[in-house]
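Asks: Listed below are the residues making up each chain.
Number of protein chains: 2
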Amino acid sequence: MGDIAAEGDAVSKKALKKAQKDAEKAARKAQHKAEREAQNPNKDDRQESATSGEDVSKGKYGSYGMIQSSERLERTLTPISSCTSKLVGQEVWVRGRIHVSRSKGKQCFLILRQACCSIQCVLAVGENVSREMLKFVSNIPKESIIDVCGKVMATPSKIDSCSQQDVELSTLQTWLVSASEARLPLQVDDAARPDVVKNEEDALNIRVNQDTRLDNRILDLRTPANQAIFRLEAGVCHLFRESLSKKGFVEIHTPKIISAASEGGANVFEVSYFKGSAYLAQSPQLYKQMAIAADFGKVYTIGAVFRAEDSNTHRHLTEFVGLDLEMAFEYHYHEVVDTIGHMFIDIFKGLERNYGAEIEAIRRQYPSEPFQFLEPSLVLKYSEGVEMLRSAGIEMEDDEDLSTPNEKLLGRLVKAKYNTDFYILDKFPLAVRPFYTMPDPENTKWSNSYDMFMRGEEIISGAQRIHDPEFLMQRAKQHGIDVSQIKSYIDSFRYGAPPHAGGGIGLERVVMLYLGLDNIRKTSMFPRDPKRLTP
Amino acid sequence: MGDIAAEGDAVSKKALKKAQKDAEKAARKAQHKAEREAQNPNKDDRQESATSGEDVSKGKYGSYGMIQSSERLERTLTPISSCTSKLVGQEVWVRGRIHVSRSKGKQCFLILRQACCSIQCVLAVGENVSREMLKFVSNIPKESIIDVCGKVMATPSKIDSCSQQDVELSTLQTWLVSASEARLPLQVDDAARPDVVKNEEDALNIRVNQDTRLDNRILDLRTPANQAIFRLEAGVCHLFRESLSKKGFVEIHTPKIISAASEGGANVFEVSYFKGSAYLAQSPQLYKQMAIAADFGKVYTIGAVFRAEDSNTHRHLTEFVGLDLEMAFEYHYHEVVDTIGHMFIDIFKGLERNYGAEIEAIRRQYPSEPFQFLEPSLVLKYSEGVEMLRSAGIEMEDDEDLSTPNEKLLGRLVKAKYNTDFYILDKFPLAVRPFYTMPDPENTKWSNSYDMFMRGEEIISGAQRIHDPEFLMQRAKQHGIDVSQIKSYIDSFRYGAPPHAGGGIGLERVVMLYLGLDNIRKTSMFPRDPKRLTP
Numbered sequence: 001m002g003d004i005a006a007e008g009d010a011v012s013k014k015a016l017k018k019a020q021k022d023a024e025k026a027a028r029k030a031q032h033k034a035e036r037e038a039q040n041p042n043k044d045d046r047q048e049s050a051t052s053g054e055d056v057s058k059g060k061y062g063s064y065g066m067i068q069s070s071e072r073l074e075r076t077l078t079p080i081s082s083c084t085s086k087l088v089g090q091e092v093w094v095r096g097r098i099h100v101s102r103s104k105g106k107q108c109f110l111i112l113r114q115a116c117c118s119i120q121c122v123l124a125v126g127e128n129v130s131r132e133m134l135k136f137v138s139n140i141p142k143e144s145i146i147d148v149c150g151k152v153m154a155t156p157s158k159i160d161s162c163s164q165q166d167v168e169l170s171t172l173q174t175w176l177v178s179a180s181e182a183r184l185p186l187q188v189d190d191a192a193r194p195d196v197v198k199n200e201e202d203a204l205n206i207r208v209n210q211d212t213r214l215d216n217r218i219l220d221l222r223t224p225a226n227q228a229i230f231r232l233e234a235g236v237c238h239l240f241r242e243s244l245s246k247k248g249f250v251e252i253h254t255p256k257i258i259s260a261a262s263e264g265g266a267n268v269f270e271v272s273y274f275k276g277s278a279y280l281a282q283s284p285q286l287y288k289q290m291a292i293a294a295d296f297g298k299v300y301t302i303g304a305v306f307r308a309e310d311s312n313t314h315r316h317l318t319e320f321v322g323l324d325l326e327m328a329f330e331y332h333y334h335e336v337v338d339t340i341g342h343m344f345i346d347i348f349k350g351l352e353r354n355y356g357a358e359i360e361a362i363r364r365q366y367p368s369e370p371f372q373f374l375e376p377s378l379v380l381k382y383s384e385g386v387e388m389l390r391s392a393g394i395e396m397e398d399d400e401d402l403s404t405p406n407e408k409l410l411g412r413l414v415k416a417k418y419n420t421d422f423y424i425l426d427k428f429p430l431a432v433r434p435f436y437t438m439p440d441p442e443n444t445k446w447s448n449s450y451d452m453f454m455r456g457e458e459i460i461s462g463a464q465r466i467h468d469p470e471f472l473m474q475r476a477k478q479h480g481i482d483v484s485q486i487k488s489y490i491d492s493f494r495y496g497a498p499p500h501a502g503g504g505i506g507l508e509r510v511v512m513l514y515l516g517l518d519n520i521r522k523t524s525m526f527p528r529d530p531k532r533l534t535p
Numbered sequence: 001m002g003d004i005a006a007e008g009d010a011v012s013k014k015a016l017k018k019a020q021k022d023a024e025k026a027a028r029k030a031q032h033k034a035e036r037e038a039q040n041p042n043k044d045d046r047q048e049s050a051t052s053g054e055d056v057s058k059g060k061y062g063s064y065g066m067i068q069s070s071e072r073l074e075r076t077l078t079p080i081s082s083c084t085s086k087l088v089g090q091e092v093w094v095r096g097r098i099h100v101s102r103s104k105g106k107q108c109f110l111i112l113r114q115a116c117c118s119i120q121c122v123l124a125v126g127e128n129v130s131r132e133m134l135k136f137v138s139n140i141p142k143e144s145i146i147d148v149c150g151k152v153m154a155t156p157s158k159i160d161s162c163s164q165q166d167v168e169l170s171t172l173q174t175w176l177v178s179a180s181e182a183r184l185p186l187q188v189d190d191a192a193r194p195d196v197v198k199n200e201e202d203a204l205n206i207r208v209n210q211d212t213r214l215d216n217r218i219l220d221l222r223t224p225a226n227q228a229i230f231r232l233e234a235g236v237c238h239l240f241r242e243s244l245s246k247k248g249f250v251e252i253h254t255p256k257i258i259s260a261a262s263e264g265g266a267n268v269f270e271v272s273y274f275k276g277s278a279y280l281a282q283s284p285q286l287y288k289q290m291a292i293a294a295d296f297g298k299v300y301t302i303g304a305v306f307r308a309e310d311s312n313t314h315r316h317l318t319e320f321v322g323l324d325l326e327m328a329f330e331y332h333y334h335e336v337v338d339t340i341g342h343m344f345i346d347i348f349k350g351l352e353r354n355y356g357a358e359i360e361a362i363r364r365q366y367p368s369e370p371f372q373f374l375e376p377s378l379v380l381k382y383s384e385g386v387e388m389l390r391s392a393g394i395e396m397e398d399d400e401d402l403s404t405p406n407e408k409l410l411g412r413l414v415k416a417k418y419n420t421d422f423y424i425l426d427k428f429p430l431a432v433r434p435f436y437t438m439p440d441p442e443n444t445k446w447s448n449s450y451d452m453f454m455r456g457e458e459i460i461s462g463a464q465r466i467h468d469p470e471f472l473m474q475r476a477k478q479h480g481i482d483v484s485q486i487k488s489y490i491d492s493f494r495y496g497a498p499p500h501a502g503g504g505i506g507l508e509r510v511v512m513l514y515l516g517l518d519n520i521r522k523t524s525m526f527p528r529d530p531k532r533l534t535p
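Sequence lines, in order, name chains A and B.
For the record, in the first sequence the residue sitting at position 380 is 380 according to UniProt numbering, with numbers rising by one throughout.
For the record, in the second sequence the residue sitting at position 331 is 331 according to UniProt numbering, with numbers rising by one throughout.
Isolated chain A (complex conformation) (with noise of 0.2 Å):
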């Protein structure tokens, strides 16, 4: 058979809105039935699904009604990314969505999805195949989830619209496990579409923008780029943790919900404590030293972040993921640095080796450049960044913050010259940094710190913290902070503590860039901003 999805497109728009109205009406009747089904739980119809008396497909075709564990069947399924060459001849059951529905004539053709995967199957009326089951199947709404039981056969040309292109089903039986509702707030298919548009008659195709998408996320998740980025960033939790652990890291979980502001005040939300107050943690920074001062030595911690910035950009959520380390070291700081640059390579070379068909359904409907990186990371002096940008015609200060767009412009420049789109600007300005964070031993203008960057972006900012009790409180009082109001901090410091330096990633910061979308939401099952509290 022929690629369904690819004959669409020769298909007159008249006739295609037509068949689209006759399929929503189908499918409503379907709907209808399926629900009545299932408002009847207790109800095996299995059997009775089939309606004439001479259907030569009675009991090949039906609703199971609602699933309710009445019989545990010990038919095995196959997966759709199983259903290959090597299985044609045999009679294979898969379950799936219909991502597409067309009849024509005494046929139809459907394609069932199943997470980044998609196969043909076609059903055509003769010995084993009736009308009525024809009827039956071309009335299913899209979306809905069925079991098909069909013979795999090869297919004399490559099936384009499908992951599985040399194989379709021949159908032998086909069954509703659950009905979707004829009409969709968004057709997959649409936010499935990249948003460049290719030709004059793609640019008529509907795009979703990110509000709808959101607003129905469970349908939006179900596009191949969707169901790929969550699995790469389940992968990028894993590849950092495996890292780590090899390296004797101990993974720990620091409470959300704490007593007083962690940074200050500014940007925390407040939370009602039964007669009292709390806030929510912007970072497990205290906790994370706590646990080193309690002897862990070297500690990881993934948990959700959350910042009170109304601030509505492409890079901000009030709520992340954040993939926190600290670690004691022996006599500097660059042993961190080294441990974190190398867990990045890990990460990357990780994607790179697990994740590539998920990195490739990303990239069909997001197009990027793959991601370099250098082995060992590129360090890079602050002073010599801020020489760079200069060079570029920029005036700054030797001690002056990067601004977003001079942040950006290094990233393009560091790019050209070294071919990373991964580096380490270690020695950033004192002045620009947190009271507890060291000075540099030879000239108090820098400091022991450090900030990572995908693409010119950061997604990591850490530091060698002063683990000297008088020092953190002497360098609080230049800052001008109340030690009173930190004193259980600094007190975390005056039973001995190891010198140590960690820092804090943003996973969707490190998905988005690494995979080169422009939107953080896009790396965010269920993203949360000052105007986005749902679903």
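To be clear, the hints were calculated from the coordinates, so they are not data collected in a lab.
All C-beta atoms, glycine included, are put in the ideal place defined by N, C-alpha and C.
It cannot be assumed that every hint is accurate.
[To be verified] Stretches of chain B that chain A covers, calculated by requiring three or more beta carbons in the stretch to come under 8 Å of a beta carbon on chain A:
#, stretch
1, 138-149
2, 173-185
3, 240-252
4, 272-285
5, 302-309
Fit chain B to the supplied structure of chain A, relying on the hints for placement.
Replies: Showing chain B alone in chain A's frame:
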């Protein structure tokens, strides 16, 4: 050399008191010196620490001053756990805390501690060690961190008070890394003592109560038992993820800030959210179910869960770590029950296999019986559980919920009959479960739901969820729930949803019960309850 802690037991109380006083005085002196040096962080005073011109140890002891990363030493520090009889005769550098320090004439004995491990270090005035060095070392306060260079020596008799019992270090160099204050709010040795009193003499020993421990958590966490508890807790998370990843689960992250109270509005913390308000999620359930409706198939998430319950019991926290999973199944929710059962067996076996030393360290302070489990897991019907309770004299209705005492009694009965500390209770009465629980297809008195228990306490509650929107609405109405309030929840299932089941596990509870501990505050690094928000 002998075992200094054992020797200590024989010393008279009076002498001990005097020695302690002297030590404290000396320690204060040493500390002031260390502090003075620490306040002068830019000065590298390594070479200036020894004073007199005729000091044979000159340059072999002193303080590093605050380690500010001025030099990256290439020295290799040997972990204390690696200091075994294999290294006898070799010189090693070791970093650790002074756990015990005792001077005796021209000798000084230290026990150096590193997480769960410890080793004895000996200094004796002679060829390599001057009086000045001995004085310096014996004046360093307990809990300070030091670097020791020493020769590994076999000991004539086992040193019971150290983890390294066959060797000690003959000290050649000692450098102060970070000084502790001399006066400690609790002694790590006291915090490490078993609650059970061994004998009359032991009854005089100080025990540290729960609040003092938590108020001084960074010291309390340094005990071998606590070092082991939180390493084992990290192990539970690792094993949970490993078991589920192997079965194709995808890790997801769900928002903690939500727009409406997830479970009806009781026991929920309110958050100020810019000009409006929001809530803290009591469970990731809705989001897990949405991920299932969005085709992720099998998902898990580890994250903070919040309960505004004003319960001050041994097993309630206001914030805990949830290990949550949700899984689309094919035909029967027992596919999910089996998956969770296997996962627990993977965890129990993994702990036995990889955390033997930690379990031993914990049992030395908190004795418990080894955790027993069957493979495959024991599954009982709720009605069977009720029968067992009735046989033991309990009067209860068929569809009455398990009270906490009955839950515990049933645990004892199951243990006596089946010799397992882990079992699954299936088919709970529908009446005691939430509206979204799928009724049993045979008899609506029961439901497709389950709890699992460790040592007679519930650690996971789960069920097949209703995936049909019409039936879900009908059940909500029967529960008297205003369906307009949960519209978005119901709408999640309108576009085709596979049958699914899942559950949520409390991490701290699993660790507490596995180890037979008596309080959940022992397994939360920084616990939160209605009365505690710090540290």
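Asks: Hint by hint, say whether it matches the structure.
Replies: To see whether the hints hold, each was checked on the structure:
no.: 1; hint: 138-149; verdict: holds (count 3)
no.: 2; hint: 173-185; verdict: holds (count 6)
no.: 3; hint: 240-252; verdict: holds (count 5)
no.: 4; hint: 272-285; verdict: holds (count 5)
no.: 5; hint: 302-309; verdict: holds (count 5)
In this structure, none of the earlier numbered hints is contradicted; all agree with it.
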